[in-house]
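Top to bottom, those sequences are chains R and H. Heads up: the first sequence runs through residues 291 to 607, numbered per this note's numbering. Heads up: the second sequence runs through residues 291 to 607, numbered per this note's numbering.
If you are wondering where the hints come from, they were derived from the structure by calculation, not from laboratory data. Virtual Cβ for every residue (Gly too), placed ideally from N, Cα, C. Do not rely on the hints blindly, as some may be mistaken.
[As the list claims (entries may be wrong)] Facing chain H, from chain R, some residues (calculated, C-beta under 10 Å):
| # | residue |
| --- | --- |
| 1 | Leu437 |
| 2 | Pro559 |
| 3 | Ile562 |
| 4 | Gly563 |
| 5 | Gly565 |
| 6 | Ile572 |
| 7 | Leu577 |
[Claimed, not checked] Below 20 Å or equal to it, Euclidean Cα-Cα: the simulated SDA-like pairs (lysine to any residue) are:
| # | chain 1 | residue 1 | chain 2 | residue 2 |
| --- | --- | --- | --- | --- |
| 8 | H | Lys436 | R | Glu564 |
| 9 | H | Lys436 | H | Arg552 |
| 10 | R | Lys436 | R | Gln459 |
| 11 | H | Lys436 | H | Ala462 |
| 12 | H | Lys436 | H | Ala464 |
| 13 | R | Lys436 | H | Glu564 |
There are 2 protein chains.
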Amino acid sequence: MAAALALGARGRGRTAPNPNVGCLIVRDGRVIGRGWTQPGGRPHAEAMALEQAGNVAGATIYVTLEPCAHRSPRGPACADLLVAARPARIVMALGDPDPRTDGLGVARLRAAGIAVTENLLAHEAARGMAGFLSRQMLGRPHVTLKLATSLDGRIALPDGRSRWITGAQARAHAHVERATTDAILVGRGTYDADAPRLDVRLAGLEGRSPRRLLLSTREAPEGWTAIASPEAIATLADVDHLLVEGGAGAAAAFLREDLVDRLLLYRAPLLIGEGRAAIGDIGLHDLAEAHGRWRLADTRMLGSDRLEVYERQRTGG
Amino acid sequence: MAAALALGARGRGRTAPNPNVGCLIVRDGRVIGRGWTQPGGRPHAEAMALEQAGNVAGATIYVTLEPCAHRSPRGPACADLLVAARPARIVMALGDPDPRTDGLGVARLRAAGIAVTENLLAHEAARGMAGFLSRQMLGRPHVTLKLATSLDGRIALPDGRSRWITGAQARAHAHVERATTDAILVGRGTYDADAPRLDVRLAGLEGRSPRRLLLSTREAPEGWTAIASPEAIATLADVDHLLVEGGAGAAAAFLREDLVDRLLLYRAPLLIGEGRAAIGDIGLHDLAEAHGRWRLADTRMLGSDRLEVYERQRTGG
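Using the sequences plus the hints, can you model the full thing?
Rendered as structure tokens:
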């Protein structure tokens with residue numbers, strides 16, 4: 291299933307509004323088919339893996355999301371494809387909350403006599419398909435806020451100079467994050483100061499530069515889409531994963547509305563002292579309100595910088 | 291040797307201007323003597339361990355610093371005590387830079403036919419006796435700067451409220467740090483706002499509350515010592531380990547003069563946004579100057595908070 295999740299990760303940021311599913315078919319300890327949701331959402335991972343495998347009699351199929359139960363003009367339901375293919379067993383990570391499937395996919399497989407195992411690495415799958423799940427459950431994209439700071443939380447000198455705080459490895463990592471998101475947003479101040487390209491500058495991934503959004507009530511420049519408020523992200527079609535890159539005002543605007551689900555914190559081992567803060571006014575009136583919201587999900591060194599990934603803890607989420 | 295270092299750590303913050311040495315005597319796989327420099331500097335670790343062990347014929351003696359070669363009115367030279375005791379072997383972590391010993395201790399032991407092994411865990415020993423070494427080599431105390439911040443580097447809300455950012459475990463850890471330092475310093479602003487007690491509030495360690503220093507050109511209140519500038523720490527007798535606890539002005543004053551050797555960074559998993567910064571103006575004009583100074587030496591979780599320990603990298607240090 292871990293391998294299927296890695297396949298699913300390939301599509302992240304390019305499949306919206308479809309989930310970025312991964313699928314692996316194994317028989318006699320040998321992988322005979324691999325699939326992942328293709329850009330734009332079709333073919334689905336299962337269809338791709340089945341085509342590769344051919345005959346799947348006696349095989350086990352690992353799939354990161356419940357196979358869809360609904361036909362569409364763009365292709366047959368995956369549950370029907372799988373029933374027709376007749377594998378020995380299907381192992382699934384996560385149920386599909388889409389009401390057109392939600393349990394119906396599994397039921398159809400079992401009714402056809404195929405053994406189904408559920409909930410293998412479900413938590414990891416939820417993290418990998420966070421954008422799709424956020425769209426289904428909260429009606430808006432999954433939002434990652436990226437901050438690159440000194441140890442004392444500064445993002446620039448008092449005059450705005452910020453090149454470079456973090457090193458080459460941290461910046462490369464941030465570009466991989468760009469490559470796996472549907473859209474990137476910056477605030478008006480950052481746009482006016484830096485006119486950032488926000489493209490993916492990594493060999494082999496240049497074609498994966500996401501859509502560019504500007505948090506602004508004014509008209510958007512060419513090649514950009516303006517959104518007037520953080521809440522307006524709910525209206526963005528085909529954006530399931532959103533990366534907020536700066537600056538302090540945009541970060542604060544999203545935090546104030548509790549619209550940040552994941553925090554990517556790149557920290558360089560240096561002190562700046564007086565300088566520009568990473569986050570503006572988020573409307574915090576009492577420290578007690580600030581506690582219990584963020585949980586450290588991952589941390590690693592990137593050269594001499596440290597990356598920490600925090601996830602927003604939501605009740606029942 | 292690790293056990294000897296742990297014994298030496300017991301004296302940290304209470305032996306200045308003597309080093310906080312640890313000593314362990316082992317024969318036939320059994321510990322027969324343990325010693326550490328006692329409060330005020332006497333007895334020395336070796337003398338204490340030898341007295342406990344009695345006859346050390348055939349034993350190995352682990353000691354974290356080269357045994358002293360100079361007699362004093364307060365006691366005999368440890369090198370002479372060891373020569374008289376005639377152990378089989380002495381294993382040593384660090385040479386003593388004090389010119390009255392510097393190599394003479396080892397030479398005297400070897401001349402008496404005792405085998406000496408040097409440099410075992412020397413780096414760890416240097417960390418444990420950082421205060422003594424700083425005094426010997428830089429002519430001033432070893433300075434630790436403590437910061438307790440949010441993920442975005444804030445130490446308080448805009449109005450100054452800071453209770454509590456970090457949790458109980460982080461605060462208890464900070465009290466252990468207090469118990470192993472000779473003196474604690476705060477700035478005038480912190481004193482006026484909080485009138486902090488700066489004592490050790492941990493069961494069993496109440497008696498280890500260090501001396502209190504105020505960074506101020508005005509007269510010190512009762513129970514406090516005023517120092518007019520960070521450089522003036524060189525004149526403080528019997529302070530080998532200094533802990534700078536706040537606020538942003540005092541932190542900046544010490545950083546501006548490059549007088550911070552170690553950074554204790556307690557970070558709570560929360561965001562504050564607009565609020566008070568941890569560090570004021572440190573006179574940084576170019577980000578390039580800020581790089582290469584700090585190296586992560588240790589990190590651990592304290593409840594849901596994270597502690598990071600950074601050490602100042604000094605050329606040749």
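| Is the hinted pair lysine 436 of chain H and glutamate 564 of chain R satisfied, with a Cα-Cα distance of at most 20 Å? | Given that 20 Å is the threshold and the Cα spacing comes to 18 Å, the pair holds.
| Would the pair lysine 436 of chain H and arginine 552 of chain H pass a check requiring their Cα atoms to be no farther apart than 20 Å? | This hinted pair holds, its Cα atoms lying about 9 Å apart.
| query | Hey, does the leucine 437 of chain R contact hint survive, CB to chain H under 10 Å? | reply | holds, 7 Å
| said: Checking hints one by one. Is proline 559 of chain R an interface residue toward chain H, by the C-beta closer than 10 Å rule? | reply: Holds. Min distance 4 Å.
| task | Using 10 Å as the Cβ threshold, decide whether isoleucine 562 of chain R counts as touching chain H. | result | holds, 6 Å
| task | With a cut-off of 20 Å on the C-alpha distance, tell me whether lysine 436 of chain H and alanine 462 of chain H pass. | result | holds, 13 Å
| task | With a cut-off of 10 Å on the beta carbons, see whether glycine 563 of chain R makes it to chain H. | result | Constraint on glycine 563 of chain R satisfied, holds at 3 Å.
| Given the hint that lysine 436 of chain R pairs with glutamine 459 of chain R, does the C-alpha gap stay at or below 20 Å? | The hint holds at about 15 Å.
| Has the given pair, lysine 436 of chain R with glutamate 564 of chain H, been kept, meaning a C-alpha gap of at most 20 Å? | holds, 18 Å
| query | Per the CB criterion, is leucine 577 of chain R less than 10 Å away from chain H? | reply | The hint holds - leucine 577 of chain R has a Cβ within 10 Å of chain H, the shortest such distance being about 6 Å.
| field | When the least beta-carbon distance from isoleucine 572 of chain R to chain H is tested against 10 Å, hint result | value | With a closest approach of 3 Å, the isoleucine 572 of chain R hint holds.
| request: Would you check the hint for lysine 436 of chain H and alanine 464 of chain H, treating anything up to 20 Å between C-alpha atoms as holding? | output: The given pair, whose Cα atoms are some 8 Å apart, holds under the 20 Å limit.
In terms of the numbered hints stated before, the structure departs from none.
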